[in-house]
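A.B. asks: Sequence:
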Amino acid sequence: MVDNLGDIKKNLKTDKLVLGTERTVKLMKQGKLSKIFACANTEKSSFEDLENYSKLASVQLVKLEVPNDELGIICKKPFPISVIGLKK
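If you read the sequence shown in our numbering, its first letter stands for residue 2, the second for the next number, and so on.
Worth flagging that the hints you see were computed from the coordinates, not collected in a lab. A couple of the hints might just be wrong.
[Unchecked claim] Straight-line Cα separation of at most 35 Å, DSBU-like style, residue types lysine-lysine; simulated pairs:
1) Lys-77 <-> Lys-27
2) Lys-77 <-> Lys-17
3) Lys-27 <-> Lys-10
4) Lys-14 <-> Lys-78
5) Lys-56 <-> Lys-27
6) Lys-27 <-> Lys-17
7) Lys-89 <-> Lys-27
8) Lys-78 <-> Lys-10
9) Lys-33 <-> Lys-89
10) Lys-56 <-> Lys-10
11) Lys-36 <-> Lys-88
12) Lys-11 <-> Lys-27
13) Lys-14 <-> Lys-89
14) Lys-36 <-> Lys-77
15) Lys-27 <-> Lys-14
Go ahead and model the full structure; you've got the sequences and the hints to work with.
C.D. replies: Quick look at the structure:
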């Protein structure tokens, strides 16, 4: 898990991270993502949608062990973040 957070922290200063479920799903459908990170308390229905779309798009889905408020802090944002996409 630490490696996954390392991926997020490493790409914070680049334009490779996409924050938010809607934007992540949109880019995943377009085939522009290589990996998706979901926080520990992502809504069940949203996580199931992400699982289905990630299988169809052959994108790796990683469930993090941190809640959405901590993920927001890690990304240096003043709001909680549930889903992050990593562009190719």
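A.B. asks: Holds or violated: Lys-77 with Lys-17, Cα cutoff 35 Å?
C.D. replies: Since the Cα atoms of Lys-77 and Lys-17 sit roughly 15 Å apart, the hinted pair holds (cutoff 35 Å).
A.B. asks: Holds or violated: are the alpha carbons of Lys-36 and Lys-88 at most 35 Å from each other?
C.D. replies: Holds, because 7 Å separates the two Cα atoms, which is no more than 35 Å.
A.B. asks: Lys-56 and Lys-10: Cα distance at most 35 Å?
C.D. replies: holds (25 Å)
A.B. asks: Regarding the pair Lys-36 and Lys-77, is the alpha-carbon distance no greater than 35 Å?
C.D. replies: holds (20 Å)
A.B. asks: Has the given pair, Lys-89 with Lys-27, been kept, meaning a C-alpha gap of at most 35 Å?
C.D. replies: Satisfied, since the Cα-Cα distance of roughly 14 Å is no more than 35 Å.
A.B. asks: Given the hinted pair Lys-33 and Lys-89, is their Cα-Cα distance within 35 Å?
C.D. replies: holds (6 Å)
A.B. asks: Given the hint that Lys-77 pairs with Lys-27, test it: the Cα-Cα distance must not exceed 35 Å.
C.D. replies: holds (23 Å)
A.B. asks: Regarding the pair Lys-27 and Lys-14, is the alpha-carbon distance no greater than 35 Å?
C.D. replies: holds (22 Å)
A.B. asks: Is Lys-56 within 35 Å of Lys-27, Cα to Cα?
C.D. replies: This hinted pair holds, its Cα atoms lying about 15 Å apart.
A.B. asks: Taken at face value, is the distance from the CA of Lys-10 to the CA of Lys-78 at most 35 Å?
C.D. replies: holds (13 Å)
A.B. asks: Is the Cα-Cα distance between Lys-11 and Lys-27 35 Å or less?
C.D. replies: Judged against 35 Å, a Cα distance of about 23 Å means the pair holds.
A.B. asks: Run the distance test for Lys-27 versus Lys-10: straight-line Cα separation, threshold 35 Å.
C.D. replies: holds (23 Å)
Violation of the numbered hints given earlier is absent; every hint is satisfied by the structure.
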